[in-house]
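Engineer: One-letter residues, chain by chain:
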Amino acid sequence: MDLNFTEEQKAFRAELRSFLEERLPERLSEKVRLGQRLTKQDYEEWHAILNEKGWLAGNWPKEHGGAGWNAVERHIFEEETTAAHAPRIVPFGLAMLGPVLQKFGSKEQQDYWLPRILNGDDWWCQGYSEPGAGSDLASVKTTAVRDGDHYVVNGQKTWTTLGQYANMIFCLVRTSKEGKPQEGISFLLVDMNDPGITVRPIVLLDGEPEVNEVFFDNVRVPVENLVGEENKGWTYAKYLLTHERTNIAGVGFANAGLANLKRIARLEQSGGRPLIEDPLFAAKIAEVEISLMAMATTNLRVVSAAAAGQAPGAESSMLKVKGTVIRQEINALTKQAVGPWAMPFVSEALEAGSNEGPVGPSYAMSATPHYLNNRKLSIYGGSNEVQKTIIAKAILEL
Amino acid sequence: MDLNFTEEQKAFRAELRSFLEERLPERLSEKVRLGQRLTKQDYEEWHAILNEKGWLAGNWPKEHGGAGWNAVERHIFEEETTAAHAPRIVPFGLAMLGPVLQKFGSKEQQDYWLPRILNGDDWWCQGYSEPGAGSDLASVKTTAVRDGDHYVVNGQKTWTTLGQYANMIFCLVRTSKEGKPQEGISFLLVDMNDPGITVRPIVLLDGEPEVNEVFFDNVRVPVENLVGEENKGWTYAKYLLTHERTNIAGVGFANAGLANLKRIARLEQSGGRPLIEDPLFAAKIAEVEISLMAMATTNLRVVSAAAAGQAPGAESSMLKVKGTVIRQEINALTKQAVGPWAMPFVSEALEAGSNEGPVGPSYAMSATPHYLNNRKLSIYGGSNEVQKTIIAKAILEL
Amino acid sequence: MNFQLTEERQMLQDGLRRYLGEAVTPQALEAAQTTGMSPEIWAGLSEMGVAGALFTEDQGGFGGAGFDLMVVFEELGRAGAVEPMLELLLAGRLVAELGDETQQEIVAQAVEGAVQLAFAHGEPASRFDLERVETRAERSGDGWTLTGRKSVVVNGAQADHIVVSARTSGDVADRDGISLFLLPKGTAGIEIRDYPLSQGGHAAEIVLDGVTLPAGALLGAEGQAFEAIETAQARATAAICADALGAMETARALTGDYLKTRKQFGQPIGKFQALQHRAADMLIEIEQARSAVINLCGHLEADRDTREIHVSATKHLVGKVARLVAEEAVQMHGGIGMTEEYDLARFARRLSMLDQRFGDATFHLGRFVRLRAA
Amino acid sequence: MNFQLTEERQMLQDGLRRYLGEAVTPQALEAAQTTGMSPEIWAGLSEMGVAGALFTEDQGGFGGAGFDLMVVFEELGRAGAVEPMLELLLAGRLVAELGDETQQEIVAQAVEGAVQLAFAHGEPASRFDLERVETRAERSGDGWTLTGRKSVVVNGAQADHIVVSARTSGDVADRDGISLFLLPKGTAGIEIRDYPLSQGGHAAEIVLDGVTLPAGALLGAEGQAFEAIETAQARATAAICADALGAMETARALTGDYLKTRKQFGQPIGKFQALQHRAADMLIEIEQARSAVINLCGHLEADRDTREIHVSATKHLVGKVARLVAEEAVQMHGGIGMTEEYDLARFARRLSMLDQRFGDATFHLGRFVRLRAA
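Protein chains in written order, with numbering that gives the first Met the number 0: chain A, 0 to 397; chain B, 0 to 397; chain C, 0 to 373; chain D, 0 to 373.
Derived by calculation from the structure, the hints in this document are not laboratory data. Treat each hint with caution, since some may be false.
[Said to hold, decoys possible] Quick list of simulated restraints, FRET-style, between CB atoms:
hint, chain 1, residue 1, chain 2, residue 2, range
1, B, T5, C, D141, 49 to 57 Å
2, C, A252, D, A301, 49 to 57 Å
3, A, L266, C, A214, 33 to 41 Å
[As the list claims (entries may be wrong)] Listed below are the simulated EDC-like cross-link pairs for lysine to aspartate or glutamate, each with C-alpha atoms no more than 16 Å apart in a straight line:
hint, chain 1, residue 1, chain 2, residue 2
4, B, K392, C, D280
5, A, K176, A, E229
6, C, K262, A, E129
7, D, K259, A, E396
8, A, K102, A, E62
9, D, K262, B, D135
10, A, K392, D, D280
11, A, K140, A, D216
12, C, K270, B, E396
13, A, K261, A, E286
14, B, K283, A, E286
15, B, K106, B, E228
16, C, K259, B, E396
17, B, K52, B, E29
18, A, K231, A, E177
19, A, K231, A, E286
20, C, K262, A, D135
21, A, K237, A, E182
[To be verified] Some but not every residue of chain B turned toward chain D, in silico, with C-beta under 10 Å:
hint, residue
22, P130
23, T157
24, L203
25, G206
26, K334
27, P360
28, T367
29, L371
Since we're looking at a predicted model, the values are computed, not measured. Don't be surprised by glycine CBs; every beta carbon is placed ideally from N, CA and C.
Take these sequences, add in the hints, and give me the full structure.
Structural biologist: So, in structure tokens, the structure goes:
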């Protein structure tokens with residue numbers, strides 16, 4: 000056993016740091032640090048900077064233009080970019096669709112779509128969930144019926160994150176009602192500009208239209224946009240879902256959040272002393288920090304095993320649960336730390352450069368929106384309840 | 000709304016206090032305070048003192064020799080006796096069998112058994128649970144087969160509390176295998192001295208033989224010991240279980256435990272100061288105290304409604320869960336408070352007057368045994384899991 | 000001992016529940032977003048005489064006891080009404096207790112619904128420290144000059160009269176030396192920034208830049224306001240906890256309905272035992288919160304230490320339970336619970352903000368320990 | 000970065016697991032009740048050279064790293080062995096680090112299993128304060144006279160050599176001025192009361208009533224022992240946490256088996272979702288505990304502050320998880336989990352007592368805060 004990184008890994012970390020110092024625009028990191036809104040252009044700008052360096056697609060093999068990093072290297076990348084307050088990499092094309100196309104797509108699909116993802120020609124979104132289905136993904140009701148060279152798609156997808164920015168959506172659609180629900184599903188790439196598609200924003204608890212409903216009304220999709228075989232889409236979807244997910248634990252986010260929380264607790268005063276000197280509040284910070292120290296090591300254990308070629312099992316589910324609970328606790332403590340400043344809700348202040356400044360210190364303005372928004376962490380990506388059932392079944396063999 | 004007791008109730012409390020001051024033997028209260036073992040004679044002594052005053056059977060109507068108290072009066076009795084460290088009243092004859100006989104027993108049974116309970120002629124124990132049945136009480140396997148003027152009983156009961164002291168046991172036995180499991184059960188009174196009965200002690204986590212297994216091997220029980228009708232025993236058993244249970248919340252025990260915990264935390268030193276001045280330990284005490292303050296009021300709400308003739312519903316289950324959790328937390332904090340003194344296990348020291356004294360301060364010796372023993376609180380009397388299911392079904396109508 | 004509502008309170012509860020159940024519509028809430036309240040609902044509440052329940056007969060009301068507050072605010076919370084009744088309670092109490100005859104006239108007007116009130120006490124650096132007042136009032140001629148800044152003053156921009164605290168002597172965190180002043184709307188030298196709150200309603204940042212006031216603006220004795228402020232906040236804490244209790248009841252009702260109707264993997268999700276037990280835990284904790292609110296409401300007239308022990312015990316416990324209920328209700332709903340369109344959202348936010356006003360659960364746990372040790 | 004055991008450690012783990020799985024029988028445990036250990040198992044462990052893994056080559060062992068401790072103690076905990084290996088680690092480390100050549104001979108003998116050791120440091124009033132030493136050692140002639148009382152000295156009555164701490168200067172809670180002495184069994188003036196412990200094993204109250212010792216009994220430099228004591232206790236904390244981890248693994252295995260086989264209301268209770276999710280919570284927390292133990296074992300050689308931050312972080316977290324696992328394992332078993340006859344009992348008690356040694360979860364949370372702030 001050895002908790003230290005290798006010399007090579009340390010060198011990689013150092014290279015990353017100087018890259019971030021040089022190339023990460025301060026305008027962007029300031030927005031991230033304050034929890035202000037990032038525009039589509041902000042994400043695209045950061046993607047382009049990373050792509051220029053060859054670091055945009057850390058998990059893609061080099062032959063497809065990726066960085067070809069192993070799990071440890073990707074972990075270091077996550078750690079450093081979150082610590083530097085870089086925008087996150089939008090995952091839909093890069094982390095989700097890319098690996099599916101590389102594994103199951105045709106040569107033509109790979110040649111056409113993969114470079115476009117890297118170059119930012121397309122903004123992808125995910126068409127998996129449907130209304131009323133929740134974690135029961137296999138109950139896909141959106142249909143695709145073959146008509147000559149096209150599929151005709153009808154139905155509705157929901158929880159489509161950042162769908163308002165997307166020009167492309169990858170969808171699970173039902174192409175057959177025979178057999179088990181899993182058996183008649185296909186994986187289809189759909190142009191959002193096609194006639195018959197409507198996008199309706201869903202406003203979340205924090206007031207932000209982060210997710211969308213996407214309606215399909217007789218949308219005609221060329222058959223060459225079918226990935227792999229018809230009715231085999233469930234296999235590809237599962238590959239995507241169980242495909243070694245980097246950063247499921249969110250250690251980088253948690254570390255950045257904890258540092259921010261401590262900074263705030265040093266600045267806020269309670270009873271004439273810095274809040275961080277209040278023994279009970281300090282103990283709450285300490286509890287979550289101790290929990291995070293352990294979880295980060297669990298994460299490294301999984302990452303290290305993955306880098307050595309082992310497929311993670313129920314450990315992913317454990318990291319999902321613990322990681323989200325820790326991040327949510329940090330969010331809750333941050334809301335608590337800012338005291339009455341958590342109450343004002345000045346939406347405009349979240350827009351960088353707006354005339355309407357925040358009420359109170361700038362560190363306070365995103366505390367409540369982040370707390371509310373991150374309640375989603377334990378719901379999406381397979382709710383924590385679903386994860387616990389997986390853990391119980393896998394390890395207890397129940 | 001009015002949180003105050005009436006003048007009459009206050010007068011009753013005052014009368015109780017002076018009675019306890021005068022008549023509760025210090026030898027007994029000292030044992031209870033230190034958590035030392037009470038002998039059969041100790042319990043009998045205290046029962047006799049109460050019986051002399053007419054206060055032994057608080058919940059029995061006066062015509063049967065009880066005190067005829069309502070729920071509020073019984074609550075006050077619990078509060079004062081626990082605060083004074085009186086031995087608890089052994090419930091099997093007084094709180095359990097008595098009401099069943101009063102409701103379902105024959106005149107002869109009432110005339111014979113009820114005075115014997117009050118006078119301490121019999122020590123009853125409960126023959127409900129069977130091995131492997133747990134909370135599923137209706138799956139009674141012990142059989143009683145009619146043979147002339149007798150039932151012949153065969154089978155096994157378990158978790159029989161203080162069965163080692165008992166000369167009588169009331170049992171659920173199967174007299175028919177027809178119909179639903181609940182339909183063939185009868186309620187039988189059995190003499191523990193009858194041939195064919197064997198009692199085997201079960202040692203619990205704390206090292207004490209508090210409960211027993213009771214084996215029945217062709218035990219012949221006269222038919223006049225059948226209570227009510229044959230095959231109707233489930234009705235009587237349920238009456239006993241759902242019969243308005245005083246003190247299900249254990250507020251008196253919790254208050255006494257909390258006072259003891261605070262006393263210890265004032266005496267123990269940590270970092271050169273009394274432990275109670277440690278902010279984090281003080282906060283833990285405060286949390287359980289605040290929880291208890293609220294639960295005590297919930298208890299009064301239920302008690303007050305019961306005194307006004309309302310039958311408690313799922314509130315009993317809520318009190319059971321919260322009450323046991325609070326008592327267990329107080330036990331855990333008491334174990335924590337005594338620090339390393341919780342480790343020595345000197346069984347002899349729990350015997351009053353033993354040559355082998357406790358290791359460390361006398362307040363420490365029962366901390367670990369009590370903590371371990373009271374893990375049972377959330378298991379017996381309908382486990383907390385069973386209670387939660389009842390709450391969900393009753394109130395959520397799930 | 001009696002836990003039944005009196006007939007009058009029962010009628011008030013029934014009436015309020017019926018009225019608010021109909022009046023608090025999406026339209027009313029939408030309208031309230033820009034102004035912080037719905038004038039129709041405010042008028043409706045006035046018509047019912049709800050504000051009268053918050054004050055004693057001496058003060059121009061017909062109630063004023065802890066359990067009156069409990070009935071009113073539990074219903075406001077249950078319906079998720081955003082009207083500034085809490086501000087009326089808080090500022091009205093101070094004026095009723097400390098004001099001279101002229102000043103007390105304002106309470107009567109407020110009870111009738113003719114004027115609105117606010118209490119400007121919190122400051123950028125005061126957090127939950129009731130005695131920390133940096134705003135200064137200095138004698139100038141016959142009157143006073145106020146300078147300082149007040150933060151997150153709920154209903155501040157809408158109020159016709161604002162009770163403002165300022166230090167007339169003593170150190171920044173002394174209990175002695177705090178005075179109260181009554182400022183009518185539009186007083187010169189006040190700069191107000193109005194903004195919406197996460198829980199609904201509006202608040203304001205108020206800058207007092209050498210505001211000159213006549214002698215008659217002083218409310219009560221100079222420098223002696225702390226006790227009255229603490230007492231008023233004890234009542235307001237009881238009220239906001241009762242409000243949270245009502246909001247929890249709605250959150251649990253929505254969750255119960257959802258568990259019964261929403262199907263997944265072929266059955267209502269309420270059939271899943273894990274969710275059943277968590278729902279039961281929610282119910283148990285809500286009963287705890289109800290008892291805590293009863294304890295506080297029943298001790299508002301007790302001696303100061305007893306009252307404040309219940310203030311901190313109740314605010315701690317209800318704060319913890321409010322978080323649990325809000326988070327569990329959202330979680331058990333899943334995605335739909337995250338959306339603004341579904342009614343749970345505003346209750347979840349309301350419960351999330353309970354901790355931010357009058358001290359959070361951790362603050363009051365520490366305060367309870369100190370009060371018990373004293 | 001590498002979380003695989005080396006081949007040597009893997010062999011040690013396999014061997015220990017196999018041996019203890021067979022050796023720790025009810026009979027061996029029964030026999031250990033009167034003497035605090037089973038001589039057969041002690042001999043067996045010696046034969047396997049287990050003690051050697053706790054010490055470096057310089058010290059007469061073949062290991063001594065944090066992960067060596069982890070492997071050994073996790074297996075002792077998994078089997079629920081009561082033999083005093085922790086005392087050997089604790090006292091042995093002090094002798095190995097501070098002792099002269101003659102004294103170090105004892106470590107070699109202990110590694111061979113020929114002698115047993117104990118560390119008498121705790122006192123009636125010291126609780127978890129490592130620097131609180133009231134026992135006094137005074138120079139008398141060439142040697143020393145010790146007076147005081149040592150409490151809950153694990154293996155105290157059985158040890159052939161006891162390392163005793165005593166104050167040679169300074170105030171009762173000073174870090175400076177604490178010295179160590181090596182006392183052979185049977186030293187005149189020592190009064191020992193031996194008793195069993197809740198978690199298994201024995202401890203003793205030791206009264207030192209003017210015990211006279213030769214100059215050679217001093218271990219290390221006079222008055223300078225604190226650093227070595229803290230370092231030794233850091234290692235012992237890692238060991239006891241690894242022990243708890245092993246015990247948790249057994250508790251969860253027993254619980255998993257029980258959930259699969261025990262039927263109620265017609266199906267295995269493990270089919271009830273509420274229990275599934277609670278079992279999953281247990282597993283998640285046990286993984287947290289494992290990572291915390293790894294963190295501490297990996298930082299035993301770090302600078303003092305880093306090491307102690309991990310000591311307190313790990314003891315806090317493992318203490319919390321141990322309580323959860325013990326209580327949940329018993330609860331999920333129901334009545335049978337309460338009984339001495341069932342194997343879970345001794346693991347539940349062992350886990351219950353983790354908090355009582357080297358500081359409980361609350362103590363270490365406060366200590367973590369102070370270390371972080373420093």
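Engineer: All hints are to be evaluated individually against the structure, with a verdict given for each.
Structural biologist: Hint by hint, here is what the structure shows:
no., hint, in the structure
1, B:T5 <-> C:D141: 49 to 57 Å, "holds, 56 Å"
2, C:A252 <-> D:A301: 49 to 57 Å, "holds, 54 Å"
3, A:L266 <-> C:A214: 33 to 41 Å, "holds, 40 Å"
4, B:K392 <-> C:D280, "holds, 13 Å"
5, A:K176 <-> A:E229, "holds, 13 Å"
6, C:K262 <-> A:E129, "holds, 14 Å"
7, D:K259 <-> A:E396, "holds, 8 Å"
8, A:K102 <-> A:E62, "holds, 13 Å"
9, D:K262 <-> B:D135, "holds, 10 Å"
10, A:K392 <-> D:D280, "holds, 13 Å"
11, A:K140 <-> A:D216, "holds, 13 Å"
12, C:K270 <-> B:E396, "holds, 10 Å"
13, A:K261 <-> A:E286, "holds, 13 Å"
14, B:K283 <-> A:E286, "holds, 14 Å"
15, B:K106 <-> B:E228, "holds, 14 Å"
16, C:K259 <-> B:E396, "holds, 8 Å"
17, B:K52 <-> B:E29, "violated, 22 Å"
18, A:K231 <-> A:E177, "holds, 13 Å"
19, A:K231 <-> A:E286, "violated, 46 Å"
20, C:K262 <-> A:D135, "holds, 10 Å"
21, A:K237 <-> A:E182, "holds, 12 Å"
22, P130, "holds, 9 Å"
23, T157, "holds, 8 Å"
24, L203, "holds, 5 Å"
25, G206, "holds, 7 Å"
26, K334, "holds, 7 Å"
27, P360, "holds, 8 Å"
28, T367, "holds, 5 Å"
29, L371, "holds, 7 Å"
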